[in-house]
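J.: Listed below are the residues making up each chain.
There are 4 protein chains.
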Amino acid sequence: MRLNIEVDLDYHFPEPADVLLAIEVAQLPDQLLIEDRLTVGASQPLRTVAGEDGIGRRTWMRGEGLSHLSYRALVEVDRPATAIESLPIASPPDLPAAVVPYLWPSRYCESDRFEAFVDKTFGAIAGGAKLVAMAEWVKREMGYAAGSSDSTTTAVDAFVSRLGVCRDFAHLMASFARAAGVPARLVSAYAWGLKPPDFHAIVEVWLDGGWHLVDATCLAPIEGLARIGVGRDATDIAFMTIFGVGEMRSQRVTVTRLDE
Amino acid sequence: MRLNIEVDLDYHFPEPADVLLAIEVAQLPDQLLIEDRLTVGASQPLRTVAGEDGIGRRTWMRGEGLSHLSYRALVEVDRPATAIESLPIASPPDLPAAVVPYLWPSRYCESDRFEAFVDKTFGAIAGGAKLVAMAEWVKREMGYAAGSSDSTTTAVDAFVSRLGVCRDFAHLMASFARAAGVPARLVSAYAWGLKPPDFHAIVEVWLDGGWHLVDATCLAPIEGLARIGVGRDATDIAFMTIFGVGEMRSQRVTVTRLDE
Amino acid sequence: MRLNIEVDLDYHFPEPADVLLAIEVAQLPDQLLIEDRLTVGASQPLRTVAGEDGIGRRTWMRGEGLSHLSYRALVEVDRPATAIESLPIASPPDLPAAVVPYLWPSRYCESDRFEAFVDKTFGAIAGGAKLVAMAEWVKREMGYAAGSSDSTTTAVDAFVSRLGVCRDFAHLMASFARAAGVPARLVSAYAWGLKPPDFHAIVEVWLDGGWHLVDATCLAPIEGLARIGVGRDATDIAFMTIFGVGEMRSQRVTVTRLDE
Amino acid sequence: MRLNIEVDLDYHFPEPADVLLAIEVAQLPDQLLIEDRLTVGASQPLRTVAGEDGIGRRTWMRGEGLSHLSYRALVEVDRPATAIESLPIASPPDLPAAVVPYLWPSRYCESDRFEAFVDKTFGAIAGGAKLVAMAEWVKREMGYAAGSSDSTTTAVDAFVSRLGVCRDFAHLMASFARAAGVPARLVSAYAWGLKPPDFHAIVEVWLDGGWHLVDATCLAPIEGLARIGVGRDATDIAFMTIFGVGEMRSQRVTVTRLDE
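Chains as they are written, first to last, in our numbering: chain A, 1 to 260; chain B, 1 to 260; chain C, 1 to 260; chain D, 1 to 260.
Take these hints with a grain of salt, some might be off.
As the list claims (entries may be wrong) - Derived coverage of chain C by chain B (criterion: at least 3 residues anywhere in the stretch with Cβ under 8 Å from a Cβ of chain B; other residues may be distant):
| id | stretch |
| --- | --- |
| 1 | 48-57 |
| 2 | 87-99 |
| 3 | 225-238 |
Because the hints were derived from the structure by calculation, they are not lab data.
Values in this document were obtained by computation on a predicted structure and should not be read as measured data.
The beta-carbon is built from N, C-alpha and C at its ideal position, and this holds for glycine as well.
Model the full assembly from the supplied sequences, consistent with the hints where possible.
T.: Given below as structure tokens:
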């Protein structure tokens with residue numbers, strides 16, 4: 001699936017501020033980044049650093065006054081649908097060193113607090129089917145409602161309120177997985193078919209020796225995701241982190257399929 | 001049911017401290033307090049004040065060094081079992097002024113945070129059957145485990161951990177009721193048949209113009225409860241509140257049925 | 001000080017909902033309510049009930065579609081300034097029964113969590129001066145910022161964020177007082193001189209056998225407050241509680257002094 | 001400083017459980033690990049993986065019944081005292097990619113919630129002196145009390161309660177640093193001079209292009225620390241993580257100086 005991605009962001013920074021952008025598509029085996037270009041006002045991006053786990057990249061810029069950012073990317077996604085139901089769950093001692101930290105709780109995924117619930121609700125299900133059941137639970141029990149959560153909402157908050165957006169669905173999914181001893185990380189992505197178009201957050205779980213995408217929102221097909229970056233939770237994959245004060249004036253994200 | 005209640009408490013107060021006791025059986029239409037006696041070491045209780053909603057009484061004492069407290073009561077409980085399933089839920093505007101505050105959230109019952117969950121889970125059930133379904137949910141989904149919670153645990157905490165003791169079961173039950181617009185208050189009581197014997201916490205919900213007892217733990221029959229006091233949550237019905245530092249050395253509660 | 005109070009509220013209720021209003025000025029020794037009138041659209045208010053502690057009143061109405069509420073009151077406030085610095089703090093056992101619950105933590109005032117801080121910061125100060133020091137601390141350490149908190153913000157949240165509005169200042173003040181063994185309740189009021197004009201929240205602390213007003217925001221003089229109601233925290237004194245869904249379209253509060 | 005480290009742990013695992021140990025001294029430029037040996041009952045350790053940031057190592061073992069673990073290490077610590085007061089704070093865009101995530105909040109370090117407090121309290125202080133002031137604040141305002149916190153206590157909890165142990169002091173210190181835009185990570189270590197001897201938790205802050213140790217507890221000299229591992233907070237540096245149920249029966253840690 002060939003995707004054309006366009007992002008236009010207008011921000012106002014009352015005072016100069018360092019800004020970390022994580023909006024560039026990662027070069028990965030199942031998504032070939034053909035070409036892309038990040039433009040930051042009249043100036044040049046300051047510096048680019050690798051993302052978490054060496055996936056993707058983050059770019060530092062200097063926000064000052066009214067700043068227009070644009071990003072254009074052409075990417076070929078070739079991700080065969082995989083059924084995770086029958087994949088085995090790794091024994092923790094077999095995990096690669098870099099995967100181990102994705103067993104831990106994090107700022108927005110208090111997986112340590114869900115252990116009894118997860119054991120009671122999903123404990124009897126083996127293998128990848130356990131993760132499928134978790135995603136179905138999140139989809140069934142959570143209401144998707146724009147504006148029902150904010151940047152401080154944690155998985156515990158969402159579990160109680162039963163309301164959230166993609167970020168909260170992903171936090172719950174990751175928390176449940178970790179509480180069951182399955183490594184899980186958050187993934188930011190562009191999603192073909194997502195309505196309304198926006199940055200998307202989904203989850204990857206570690207099964208059978210590799211990471212596998214799960215989207216508990218079911219709002220966009222896995223086959224049309226172009227990943228940006230990964231991390232422990234929303235804090236790691238924020239598309240923009242401002243070291244100071246900044247205010248969004250407008251935001252436009254479009255993902256168009258070119259090969260239909 | 002005629003009950004003989006015996007309480008013996010040994011506490012150590014390293015420095016003199018004011019202590020508020022709420023361990024005396026309330027005189028109420030469905031429980032006739034025949035006689036009782038509170039003894040506080042060698043000294044006299046300082047002063048007795050009415051409990052919340054004018055139910056029962058609280059006694060101030062002065063804790064100093066090793067203090068032995070004993071309480072003996074003889075009470076005739078005559079509480080016919082009532083089926084609450086078919087009782088109507090009052091419209092909020094019809095509530096007596098004194099009942100209105102039991103609609104609000106409180107320190108340990110964050111009912112405001114459960115509204116979507118309660119609506120989704122119990123919204124289709126009308127009348128007292130809604131409250132029965134809530135009690136069944138708490139009984140079914142929560143694990144009863146001594147030591148799994150402490151005096152800071154709230155209904156939200158228990159909802160997430162799915163573990164607790166009678167206090168937590170009662171907080172969840174009251175929170176669900178309030179979230180559905182049904183007034184609910186916590187009740188402390190002596191409970192015949194409770195194993196191991198201890199102070200018990202249950203809930204009263206306002207249905208059909210009156211308060212009705214609900215015990216989501218199902219650990220003791222409603223017919224054998226001798227109520228002590230009521231309040232918004234555990235903070236109001238604590239059997240002992242120490243204004244300073246005190247340490248329990250031993251605690252013994254026994255409830256014996258005399259008319260069998 | 002003679003005050004003319006005018007309130008106009010426009011709300012939209014997509015579906016009929018019961019609404020509890022607490023916007024009427026209380027008749028109290030230090031504030032003589034000369035006349036007032038509550039108008040609720042074309043319909044009549046449903047029913048009036050007494051407020052907490054028998055202070056003031058609450059009125060039930062039925063919200064439906066676009067509803068306009070207006071309230072007009074003429075009140076003579078005669079409240080001599082009292083210096084609370086030198087007033088003695090009551091020993092808990094001397095408190096009236098109805099005052100005791102104001103020692104407890106509540107939904108938005110987790111006073112139990114501030115004990116070590118309060119002891120360390122204010123423990124050496126005796127009598128009413130302790131409460132003055134607490135109000136000064138809140139005024140000095142907290143930033144007043146509209147929009148920095150919402151209806152779910154607790155005293156702990158505000159203590160950490162160091163930002164809030166009158167509601168948060170009052171929650172912190174009440175929490176500190178309770179943590180020091182001084183009963184404290186929240187008070188809603190109209191405040192002459194408050195800019196921008198709005199409903200105001202302050203605190204009453206129990207000193208020397210009576211309640212005394214404290215405003216940690218210092219945004220309006222105590223002498224110009226016309227109290228509406230009291231309660232354990234914001235949940236008890238909310239000017240409007242909607243049992244369903246309602247949306248504010250406009251709100252106007254004005255307090256004019258007539259005797260200048 | 002040459003240190004001899006001895007650890008003996010007795011645990012009981014009612015059912016077989018995977019256990020991740022992080023108790024081995026890391027090989028680092030300022031601490032030369034001369035020799036060490038980890039013994040796990042009669043069996044062999046299962047597998048060793050690298051720690052966070054490639055520092056130190058973690059060892060998987062299988063807990064079953066009564067398990068005795070012992071660890072012996074001989075380490076030469078050569079860490080000149082460095083005054084961090086005058087070191088410059090890096091501009092975020094200059095941080096190495098691997099250091100960036102230590103700017104984020106984590107499970108037990110909710111640095112995002114302390115921004116206003118940190119700005120108000122430490123905003124006027126430049127460079128490393130800002131971090132010194134933070135450590136002094138933590139030392140001055142927090143009470144060190146064994147048993148005052150547990151494994152679920154976060155920096156926000158400790159900030160409110162003003163009580164904690166080394167773990168909580170470190171969480172607060174790291175949270176303050178991150179809230180000021182200074183990367184901070186938690187460090188587990190053996191500490192010569194710590195009384196009573198135990199595993200210790202301190203902080204490293206990123207200043208002037210490198211990590212620098214800070215111990216807000218002041219309980220042991222920086223020169224006598226033998227680091228084990230690093231991470232975002234306590235969850236990453238736990239000396240033992242049990243995937244199942246285990247109970248400590250005894251724990252002994254001794255750190256002896258050999259070159260005096």
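J.: State for each hint whether it applies.
T.: Hints, one by one, checked against the model:
Here's how the stretch 48-57 of chain C fares: 4 of its residues keep a CB closer than 8 Å to some CB of chain B, so the rule of at least three is met and the hint holds. Here's how the stretch 87-99 of chain C fares: 7 of its residues keep a CB closer than 8 Å to some CB of chain B, so the rule of at least three is met and the hint holds. Remark: the stretch 225-238 of chain C is confirmed as covered by chain B, as 4 of its residues place a Cβ nearer than 8 Å to a Cβ of that chain, reaching the required three.
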